[in-house]
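J.: Going line by line, the protein sequences match chains V and E. With the first letter of the first sequence counted as 1, position 54 gets the number 54 in the working numbering; the numbers rise by one all the way through. With the first letter of the second sequence counted as 1, position 237 gets the number 504 in the working numbering; the numbers rise by one all the way through.
Since the hints were made in silico from the structure, they are not lab data. Do not rely on the hints blindly, as some may be mistaken.
[What the hints assert, rightly or not] If we take Cβ atoms under 8 Å as the criterion, some of the chain V residues that face chain E in the derived model are: (1) T29; (2) M182; (3) A183; (4) S210; (5) A211.
[Claimed, not checked] Pairs of lysine to aspartate or glutamate residues, derived as EDC-like cross-links and limited to a Cα-Cα distance of at most 16 Å, are as follows: (6) V:K198 with V:D187; (7) E:K486 with E:D292; (8) V:K198 with E:E365; (9) E:K416 with E:D493; (10) V:K64 with E:D280; (11) E:K416 with E:D442; (12) E:K346 with V:E189; (13) E:K346 with V:E231; (14) E:K336 with E:D401; (15) E:K428 with E:D299; (16) E:K395 with E:E448; (17) E:K325 with V:E223; (18) V:K176 with E:E436; (19) E:K416 with E:E436.
[Said to hold, decoys possible] Which chain E residues stay away from chain V? Per the calculated CB distances, all over 12 Å, these: (20) L272; (21) N378; (22) L388; (23) Y391; (24) Q514.
Because the structure is a prediction, the values reported are computed rather than measured. Where is the CB? At the ideal position from N, CA and C, for every residue including glycine.
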Amino acid sequence: MLKDITLGQYYQTESKIHKLDPRVKIVATLLFIISLFVADNFTGYVIAAAFLTLEIRMSHVPLKFIMRGMKTIFFLLLITVVFNLFLTPGTALVHFWKLTITMEGLKLATMMAVRLVFLILGSSVMTLTTTPNHLTDGLESLMNPLKKLHVPVHEISMMMSIALRFIPILLEETDKIMKAQMARGADFESGSVIRRAKNLVPLLVPLFISAFRRANDLAMAMEARCYRGGEGRTKMKPLIYRKRDAVAYLTVLGYMVLMVVFGKILF
Amino acid sequence: MAIILDHVSYIYDADTAMAHAALEDVSLTIPDGQFIGLIGHTGSGKSTLVQHLNGLMKPTSGNIFFNGKDIHDEDYDRKALRAKVGLVFQYPEHQLFEADVFSDVCFGPKNLGLSKKETELRAYEALKQVGLEDAYFYQSPFDLSGGQKRRVAIAGVLAMKPEVLILDEPTAGLDPRGRDEILGLISRLHSDTGMTVVLVSHSMEDVANYVDRIIVMNKGHVAFDDVPRNVFRHYRELEQIGLAAPQVTYVMQELKAAGLDVSVDATTVEEARDEILKAFHM
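Excised from the complex, chain V in its bound form:
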């Protein structure tokens, strides 16, 4: 169950996508998401699918691993599809009981489903191929202009990198506490909803305590090393654009042009 959460998890392997500058990946993912939401014809989605397939193939992350992340959004997907299917007014297609499926509803539901799936797949590829540290480095560098507006860019990115960094740790911790309580006869899998919610107490209390303990330890360790935020702080590995990043930008640009021409974005 816990292993299914792939969002925010890094998949270690060698690939061209892994080596790209995080800024490229963030910009590309953003553009990809925008293109998904503006495109409104079939050709557009075929192009998006082709782009996504290429990206996934190049990332060397097994499709099975990426698909695991889909399980978590399954219900969201289901609700979106059902609502769009039944509640869109238009020419009736099928009639039964009080429900009507319309042509427009069918179209909208399919489009929404495809958008959602592509959106998750696209952003999963980014998080799976970029370490959390790289990701926040990239974000920080992209948000740098906002510093002029007194936005605490460095602090935001530090908080994000800490949050991301702790996802796998807390997942592992949850797994460990769960097992420890199961060894004492706890049952997390059966019973009514209320019963199950009550059974979570032996899991949640230790988990929260451990999260606070870790946060405290981390704060101490940062203080001990005289951490004091962004002003005048240099990086050990500053981000530098290379040739492959230029190639990637051009590819994404090409993709956007294709989407404009064939996906009728700008109409």
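Please build the complex by placing chain E on the supplied structure of chain V, with the hints as guidance.
T.: For chain E alone, kept in the frame of chain V given last:
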């Protein structure tokens, strides 16, 4: 009756690029009443192995039998198994959650569906067994010292009255005094109740004085499985896999090499003293 592992293998992240075997073809028999030390370096598979013994992990291949029955048969009651094979995890104090010590120890027996009276009786017995004074019973477990918390956590498992007690690194993070207290406590539990005890550790020094048998794990395999003195004879091989024999073994080996007529089989300081005195005819 016993726990039998028959060609057990376990692979982590089986269908990804990170796939690696934590256990490879491990076959073991753990008979009743034995006190076993399970030794291995970090990542040798010892923690994975003990989680197989009470059915928390399912082997990728191979079978595990408890008292003659396969614990992964469809109709096997694994919840009942966990009461019979008690597992104390590493840093067990991290699993405490109740408002007071006594309720926390009650958690295990309560889950077994025992009556309130029986539950409380068992909790009381268990807390006495680990030597916690009555004054602490109704305090918050979070106010106790590290060593006390750990004893409470061990009591939480003991209250289920297991036939086999497995402890994963029970002395990790304790000071020398806390360590000796916990080890003494485990040894006393073994001699008083006659239960089977499996003590997981990475330190030979810790277990040498107490156990009947040592199983050394290395890279998912059983490297040695014998009585302590026979295992320590392989001290050179032990060093190669990142472990060491107790210091007395080295002392005795050196003395022997220097021409003193001593047996190198001494595993405890007391035995070593007697051997040396004998060599000097004192």
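J.: So, for every hint listed, does it hold in this structure?
T.: Hints versus structure:
1. T29: Given a least distance of 23 Å, the restraint on T29 of chain V is violated.
2. M182: Check passed: Cβ of M182 of chain V comes within 6 Å of chain E, closer than 8 Å.
3. A183: With a closest approach of 4 Å, the A183 of chain V hint holds.
4. S210: This interface hint holds because 6 Å falls under the 8 Å limit.
5. A211: violated, 12 Å
6. V:K198 with V:D187: holds, 11 Å
7. E:K486 with E:D292: holds, 11 Å
8. V:K198 with E:E365: holds, 13 Å
9. E:K416 with E:D493: Roughly 33 Å separates the two Cα atoms, so the pair is violated.
10. V:K64 with E:D280: holds, 12 Å
11. E:K416 with E:D442: This hinted pair holds, its Cα atoms lying about 14 Å apart.
12. E:K346 with V:E189: With a Cα-Cα distance of about 12 Å, the restraint between K346 of chain E and E189 of chain V holds, given a limit of 16 Å.
13. E:K346 with V:E231: With a Cα-Cα distance of about 56 Å, the restraint between K346 of chain E and E231 of chain V is violated, given a limit of 16 Å.
14. E:K336 with E:D401: violated, 40 Å
15. E:K428 with E:D299: holds, 15 Å
16. E:K395 with E:E448: Between K395 of chain E and E448 of chain E the Cα gap is close to 14 Å, so the pair holds against 16 Å.
17. E:K325 with V:E223: Given that 16 Å is the threshold and the Cα spacing comes to 43 Å, the pair is violated.
18. V:K176 with E:E436: Given pair K176 of chain V, E436 of chain E holds - Cα atoms ~15 Å apart, limit 16 Å.
19. E:K416 with E:E436: Distance ~15 Å between K416 of chain E and E436 of chain E Cα, so the pair holds.
20. L272: holds, 18 Å
21. N378: violated, 3 Å
22. L388: holds, 17 Å
23. Y391: holds, 17 Å
24. Q514: holds, 33 Å
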